[in-house]
Every structure is written in structure tokens, then in C-alpha cells.
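*Asks:* Listed below are the residues making up each chain.
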Amino acid sequence: MKRFEDIIKEKVENFEYPYEQGAWENYNRRRRTQKIKKWGLASTVIIGIITTVVLILTKPEKAVMPFHSKQNNVIITTNNSIPLNTQVNEIKTNKDKQTQTTINHQENNQSTIKQESPQTVTNNITDLSTTMSENNAQNTSTLNTASFTKNSSQGCAPLEVQFTAITTGKNCQYLWNFGDGTTANEKNPIHLYKKGGKYNVYLTVQWNEKDKYTTDVQTIQVYNKPTALFDYSLENNTVRFESRTKQAISHKWLIEDTIVNGSYWKFDITHSGKYMVQYIVENADGCSDTSIKDINVSYKMPVQFANAFSPDNDGINDFFGPQVIDYSYYQFTMNIFNKTGKCVFYTKGSPALWDGNDKETKQSCPAGIYIYKIIAVDKKGNKNEFSGQIKLLR
Amino acid sequence: MKVNWQDTEQVRKVVDACIKGDHLNQEVLYKAFFGKMLVVCMRYTYNKEEAEDILQEGFVKVFQKLKDFGHKGSLEGWIRRIMVNTAIDFIRKRKDLSFPSSTENEMDLMADSTFEDDELEQILEMKTEMIIHFIQHLSPAYKAVFNLFVFENMTHAEIAEQLNINIGTSKSNYAKAKSKLKEMVLSYIKTYKNETF
Chain A
128 MKRFEDIIKE KVENFEYPYE QGAWENYNRR RRTQKIKKWG LASTVIIGII TTVVLILTKP
188 EKAVMPFHSK QNNVIITTNN SIPLNTQVNE IKTNKDKQTQ TTINHQENNQ STIKQESPQT
248 VTNNITDLST TMSENNAQNT STLNTASFTK NSSQGCAPLE VQFTAITTGK NCQYLWNFGD
308 GTTANEKNPI HLYKKGGKYN VYLTVQWNEK DKYTTDVQTI QVYNKPTALF DYSLENNTVR
368 FESRTKQAIS HKWLIEDTIV NGSYWKFDIT HSGKYMVQYI VENADGCSDT SIKDINVSYK
428 MPVQFANAFS PDNDGINDFF GPQVIDYSYY QFTMNIFNKT GKCVFYTKGS PALWDGNDKE
488 TKQSCPAGIY IYKIIAVDKK GNKNEFSGQI KLLR
Chain B
5 MKVNWQDTEQ VRKVVDACIK GDHLNQEVLY KAFFGKMLVV CMRYTYNKEE AEDILQEGFV
65 KVFQKLKDFG HKGSLEGWIR RIMVNTAIDF IRKRKDLSFP SSTENEMDLM ADSTFEDDEL
125 EQILEMKTEM IIHFIQHLSP AYKAVFNLFV FENMTHAEIA EQLNINIGTS KSNYAKAKSK
185 LKEMVLSYIK TYKNETF
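As you go down the protein sequences, you meet chains A and B in turn. Per this note's numbering, residue 128 is the first one in the first sequence, and the count goes up by one each step. Per this note's numbering, residue 5 is the first one in the second sequence, and the count goes up by one each step.
Bound-form chain B, shown alone (with noise of 0.2 Å):
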């Protein structure tokens, strides 16, 4: 069974069939979008079993809501906000969430660094495998507002709303992270340039 997922009507047929709880279609729709949505639940986890847990109980929701998608907007965006939403769950929940709060000289230091052109080009040549990898080794709170603001697009003020924490936090926690993987980013980069394989 092969689906164009770009075609409403195609869509509308599997979507329908899952709702009166056809297996074959399921499954069909759960192959077609583990891919994506498992990169979605990596980001904000800590390894891959953690990813696979929140993974499994986006696609219970997906599948329990489905009937409510209702066929306004895109099928994948839908599903993605589950994800997203069962993945802020989950890290709401965790009891190592704590976000440091800093001053506003400290915000001052994490200005931009600037890139050399060779390391732009190896950022780009880098397997995103590994720039995943480095995202979930960010700790609780840089990873959630990072991830938010950069692949949620939220706003500071969202964010805040959403993780129930001051907007300044908000920014300088977000400020932290990017600093933080920046400097996972170069170091890592130094050090497949010495070595030869």
C-alpha cells in the first residue's frame, strides 16, 4: 500500500480507515512517520529508549485523537505537535528539571561567536546523527527551551508559559544551550581534524 501523503484524498482514506481502527492502515501510517517523529522524540530525550517511550505513547494519542484531526492543516504538523506536546509531558514531569537563572552580564558572554568558513562547511558535512546526540547531552532545561525556541519556533514568552518559568529564564537558559552546543559542535570538529582514521 503505497501512499502519496502530499494528496488530501489519500489522506483522508487512511485517516478515516485508522479511526474505524483498520490494522493494515495503522500500520501504514505509523511505518510512514516513525522516521520523523523518532528524531522529534531524540531531541528531547536523553537516549534513544527514552525517545522510543515517548515515541509509543505520541502514537497511542495519534491514534486515540485521530478522529478529532479533523483534516485542517497538514497530517504530519498534527502529528508532530502530539509528539511535541507528549514530549513537554514528559520532561515537565522529570525531577531534574531546574533552570538556572543568570544576570545579565553572564548573558553578555554568550554573545555570537563567529564561525571560520572551514568549520561552517564541516557543521554542514557533520552526520546529523551526531548533532542529535549532542542535543540530547544538553541537560533538561537547556534541551526543553532550546528545542522550543529553535524547532518549535515558540516565543521566550510561550516558552515561559509552557515550562511555568520567567521569560528571562527563558532567554538566558536558551542562550546557555546554544553556547553550550556550539561548543560540543567546534570540539568535536577539533578533534576529528587530528585524527586520522
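So that you can see chain A by itself, here it is in the shape it has in the complex (with noise of 0.2 Å):
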């Protein structure tokens, strides 16, 4: 047969818990503080020691002062229909105690001792019932003591927190106040934090006895969350996007599957309509927030027109017709009309060019001013339309 130490073993090495959202970035964050705070501790250490040894060589004896004992918890088991039963032994002193001395600093270079009370830890056994005494104020038996957990201890706010009552028993009250101006009945809540803040949570438990309770306090950091904030302004074919949140300390900005970082983006269209924008922040806290904005746009072609041409197949300015980079990429309908109205010429399809003379006819235009009219397309699908003056010179 197993052992009992070899089953709890097996367990807890099998076991592991959940990745917390949020804990590598609250890793960095206490990092962060860590390095800050290292400097100013050790000029504290430095001070501390030099009037350590100063107050010693003076006055040593008064290091050393009375104790007090503690009441410790004892557990007794009765039988199987009564659960536990709760006893407040008084406890003999035994000899393990420690004195401590705490040296507190002020800004003035003065110091003072502090004298903290001395712990004194009593170990008793009675019978089958041992004793436990923890560091933190409360001697803690684990059934019939006030006692919780919590799916999380901190992250941004809105943050949603499962609380989950340890303490089990018959007709059990249990009262939750959550530190925040709520409170609840139920043995295992969910509570939301809407703001930032630190909150402490009690959780009270009474017995069947109305008189016999206790509680337990632990705390929830909520951070503070951004808000998403930017303003964008169109200009040739170009948006720029800016931010307008403060104490950010990263940009996110993402078009379809562009994802760049800054505080402001420079980002050229390529089509007329809607873009979708996703902007996303993170604060100091490791806390983000997302907007997301629908911009709509037009998109100005990249075309250029002459003002004259001169068709007398020299090779020089020939002919007339929108000027693009690549001709593939665009479809033209194109239309020249002269002084009177009358189409001299049209044509459809790329290039998109007029050689000076009439279509029907085929005898060469006079000198002078004629009227384009052309649609183009591209391979987007943006259609633009242009129109204006050009002068035909013989």
C-alpha cells in the first residue's frame, strides 16, 4: 500500500497551477519598482548601520525587552456527526523566543528604536491534537477558521474575481465584504472591481453558535486601466493617425495586417472606403485598452495630365493622355471634346492616348484648346474622374 506522504507527493508534482493573465507583464512591472527602489534602500541600509553601531556603543542594554505569548489554536476531532469544535487552550511558554530590534530612519538623519513585539512561537502536544501557529497575527486551524482563496490577486480593472470559501460546515453564514462598499451571502461569489484601487476583502464565517465567528482579510489589486484615444487626418493619399492618451507607455496601431508601434502613424491608402483601425495602449500597470474605428477615406489616384502637346511625330510630346507609372494597372475611358462640344476623340482601355487628329474623320485637329473628359479604374477598383483643358500645338 501506498503511503500517505507518497500520495500527497504524487499529487502535488502532477500538479500545476493555470497561466494567469497578466502575470509575466506584472513580473516586469514589480521589476521595474524593484530597480527603483534598490537605490534608495541602500543609502537607507548605509544610514541605518552607522547609527546601529552609534546607539550599540552607547546604549546597548536597551535592546533587550519583555515578551508576550500568544494563544494558540488546538484542534481537537470529536466524531464523525459534529464536524469540529473549536478550543482556545491557554498554552505554557516554552523557551523558543525571539527578540528583535528594528531600527526606523527619518529624512532629519535622527533615528528612533522601535521595538517590535516579540514573537514567541509555543509548541504543545496534547494527547492526539498538536499546535500551529502561523506569523501572520491569526493561529490558523483550516476548518473551523474563517479562511479563503481567490482565482486572482490582482490585474486591471474591470477586474472579475471568483472567491471561493475554504471553510466548510453545517449551517455555516458566511458574510463577504469586498472592500469596495459591497458586500454578499453566498460561500463562493463572483465579484467585479469596476475601478482601480487596493481593496481588502473580508470574508466573515459564524458557526452555529451565533456568537462564534471569525474572519479572514486578504487583498486585491485592481490597476487602473487607459483608454484608447486618437485623432487622424487624410492628406495626399497619407492618414495620419495620432495619439491622444496620456501616460502610455506603448502604441499599437494595426490596418488590415499592418501592426506598427509609436505614438502617431504615418500610413498610405491604397483604395477609397473604410479602413478599419485598431489602436491599442498599455500603461505602466501592464494594463491595455483597444479602440477600434471604422475611417472612411477617398483615394486620389496618382495621375498627372499635361497642359499641351505637340502632335507632329517628332517623338516629343506626340501625344496627350493621363500619365501614370504603369499602365497595366489602369483602365481609361477617355474623351476629348472640341471648343463647339463635338467629341473630336475617344477611346477605352490603356494606354489611353490621343494623337491629335479626328477619330471619324481622321484628318488632323486644328490648333487650340480642347476639353478632357476621362474616367479611370485600377486594379483596386478605385474609380476617379478627371477633367480639364488641353492645348494642341501645330
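The hints are simulated quantities; they were obtained by calculation from the structure and are not laboratory data. Heads up, none of these hints are tricks.
Below 27 Å or equal to it, Euclidean Cα-Cα: the simulated DSS-like pairs (lysine-lysine) are:
hint, chain 1, residue 1, chain 2, residue 2
1, A, LYS325, A, LYS277
2, B, LYS52, A, LYS136
3, A, LYS129, B, LYS131
4, B, LYS175, A, LYS129
5, B, LYS186, A, LYS277
6, A, LYS136, B, LYS35
7, B, LYS6, B, LYS40
Which chain A residues face chain B? A few, computed with CB under 10 Å, are given here:
hint, residue
8, LYS129
9, ASP133
10, LYS138
11, VAL139
12, ASN153
13, TYR154
14, LYS277
15, SER280
16, THR295
We put the CB at the ideal spot given by N, CA and C, even for glycine.
Join the two chains, each given in its own frame, into one complex according to the hints.
*Replies:* Written out as C-alpha cells, the structure is:
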């Protein structure tokens, strides 16, 4: 048969807590603050050592002070039907005692000696019961003392926390005080912390007898969340995004499948219509917020036109048409009108070039001012209309 | 980024990147060992806050010392030893760590009590969180000795040296810790048996 300790070991070794959301961010946050504190602490320690030496040399007898003993709970197991009873016994103090002196410092370099009440740990064995003690003020026995666990002890607002009372027993009454002005009476409540802050959570468990109750207190740290805000403006097919979130240490922008970092971003658009922008900010506490906005922009094609041409077959400016880098990217519909409004030339497709002739009569058009109307459609489906005047030179 | 921690080549890559200070790899390593190492730290402490303090300090040391890891043995074992050492440093500093010594006669009373079959089954079915909770509620001295003997496989001689106590004290504290833990587990099982949820 397996031994008790082997079963315990096997169970615990095969167990793993789930990863807690934000634990890594929290690790880095605490690491940053530790680094800052280090220097402050180092200087305090040095001053501390100096003052201690001075004080010990002058008045060494002050370090010894009287101590007090604590009362310990003793668990006594009775029979099966009544789970457990609590008894508080007076316990003899034994010789294990420790005294400790702490030295506090004030900014003006004056120092005072504070005596921490020395803790005395006692242990006493009575029949099957043993005593337990903890340094955290309250002596704890497991089942007849209020005690609870929580699924997270810190996080970003709004933070939902599942509390679980470990204390069980018949006719137990549970009173939870979540520290933010709300309470509950269930055994395992879920509470939502909406705002940042440090909250003390109290669980008071009342037993069968009305006057018997104990309390457990634990702390929940809720960090404030930033609010993602941004402005944008469009100029020459470029959208300039600018953060309006203060106190952020990280900014991320996301459009389509492009991600960039920084408090502003210049994004080149390729088409008219809706773009979905995601803006994600993170503050020093590791809390983040996302703002998602659809922006409507119109795209201006990079198409240029000359204002004059000379169709004399000399190889220079013999044709008129839209000037683009890559003709295959566009489809044009071009109409050229003379001064009287008669259409002298039209073409569909790419490239769109007018040779200066009347399309129907094949005769050269006379020199003068003509009007063009061009509709351009690119491969992305963008459609732009252009119109203007062109001077035909002969 | 998925890492197979059994594959030494992959582990080497992650470790090398961590040593160079690559944040992404450090995050991957942290997240991979968070759950298991939290269990280790929980065993040595009174509550989760304390456990997280040790975990924090432990991981700081892990990233500082990673260059000395040298890929002898498993990474998990190496990280775990750092966590255990951090925990031991932590409990040594505690002012309430006093080891009660007891006589041989008292130790005889601590002889292994046996379990009923159904009780054994119920321990196996118990939520592990609850068992960890009970270990946490052992007195600091019991907890230290119990953890080192059962989980860290140390001998009483090694524990005695580590905690600066004598071997007899280590033995008696271990026996008492075990008996205390058994008592807690059994009374918990009994309470649950009688309760209707």
C-alpha cells in the first residue's frame, strides 16, 4: 500500500496552476519598481548601519525588552456527525523566543529605536492534538477558521474575481465584504471590481452558535486601465494617426495586416472606402485598452496630365493622355471635345493616348484648346474622374 | 511560439535568446514554468501573496543565472532548484521559524496510522489545491522540514545542515508535520462526507 506522503507528493507534483492572465506583465512591472527602490534602500541601509553602531556603543542594554506569549488554537477531532469544535487553550510558553530590534529612519537623520513585539512560538502536544502557529497574527486551524481563496489577487480594471470559501460546515453563514462598499452572502461569490485601487476583502464565517465567528482578510490589487483615444487626418493618400492617450508606455496600431508601434503613424492608403483601425495602448501597470474605428477615406489616384502637346511625329509630346507609372494598372475611358462641344476623340482601355486626329474623319485637328474627360479605374477597383483643358500645338 | 521543452535543441535556442535579453523568449520561458513553479513556492509559504513574492524573486534569479545553466540536466529541474533555494532563504529569514524538539517517547506516538481503503480513495480524489492549502497551514518549521524531505528528497542530515538544526529535531518535526497534515486531510474528508451539497 502506498504511504500517505507518497500520495501527497504524487498529487502535488503532477499539479500545475493555470497561467494567470497578466502574470508576466506583472513580473516586469514589479521588477521595474524593485530596480528603482534598490538605490533608495541602499542609502537607507548605510545610514542604518552607522546609527546602529553609534547607538549600540552608547546604550547597548536597550535592545532587550519583555515579550508576550500568544494563544494557540488546538484542534480536537470529536466524532463523525459533528465536524469540528474549536477550543482555545492556555498554553505554556516554552523557551523558544526571539527578540528583534528594528531601526527606523527619518529624513533628518534622527533615528529612533522601535521594539517589535517579539513573537513567541509555542508548541505543545496534548494527546492527538498538536498546535500550529503562523506569523500572520491569526493562528489558523483549517476548518473552523474563516479562510478563502481567490482565482486572482491582482489585475486590470474591470477585474472579475472568483472567491471560494474553504471553510465548510453545517449551518455556516458567510458574509463577504469586498472592500468597495459591496457585500455578499453566498459561499463562493464572483465579484467585479470596476475601478483601480487596493481592496481589502473580508470573509466572516459565523458558526452554529451565534456568537462564534472568525474573519479572514486578503488584499486585491486592481490597476487602472488606460483609455485608447486617437485623432486622424488625411492628406495626399496618407492618413496621419495621432495618439491622444496620456500615460501610455506602449502604442500599437493595426490596419489590415500591418502593425506598427509609436504614438503616431503615417499610413498610406491604396483605395477609397472603409479602413478598420485598431489602436492598442498599454500603461505602466501593464493594463491595456483598444479602440477600434472605421475610417472612411477617398483615394486620389496618382495620375497626371500635361497642359499642352504637339502631334507632329517628332517623338516629343506627340500624344496626349493620362501619365501614370504603370499603364497596366488602369483602365481609362477618355473623351476629347472641341470648343463647340463636339467629341473628336474617344478611347477605352489602356494606354489612353490621343494622336491629335479626329477619330471619325481621320483628319488632323486644328491647333487650339480642347477639353478632356477621363474616367480611370485601377486594379483595386478605385474609380476617379478627371477633366481639364489641353492645348493642341501645331 | 511553441516550444517542446523535451527537445534539447529547442531549449538551447530559448535559453540562448533569454541570455541575450530577448524579451519574447523570456516571456515564453516564464509562461511555460509559471504554473509548476507556483506550486513549488506555494508549498513553502502561508498564502499566495508570499508564494508570488518568492516566484518573482526566483524568476529574477533564473534570468540572471541562466548563463550558468550549461544544459547539464533538465531546465525545469534547474529552475526548480533556484525556486527551492529562494524559498529556503525566505523561510530562514522568518522570525517565527522555531523548531520544537521532542523526546523519543513522543516520537513513538507518531507511528504511521493506517487508512481505510475508502479514505485513501478520497485523498486521491481530493482537489490538489486543497492539499496545497493544508500544507500551507502547517507551522513554518513543520512545513520546511516536510517539504525538504518529501518533495526535495533531502535526507534528515542534509535538512539539518540546511536549516541549522540537529538531525533529531528534523526527524521529529517531520513526523509531527506528517501527522498534522494527515489529521487535516482526514478531518476534511470526514466533514465532506457528512455534508450534503
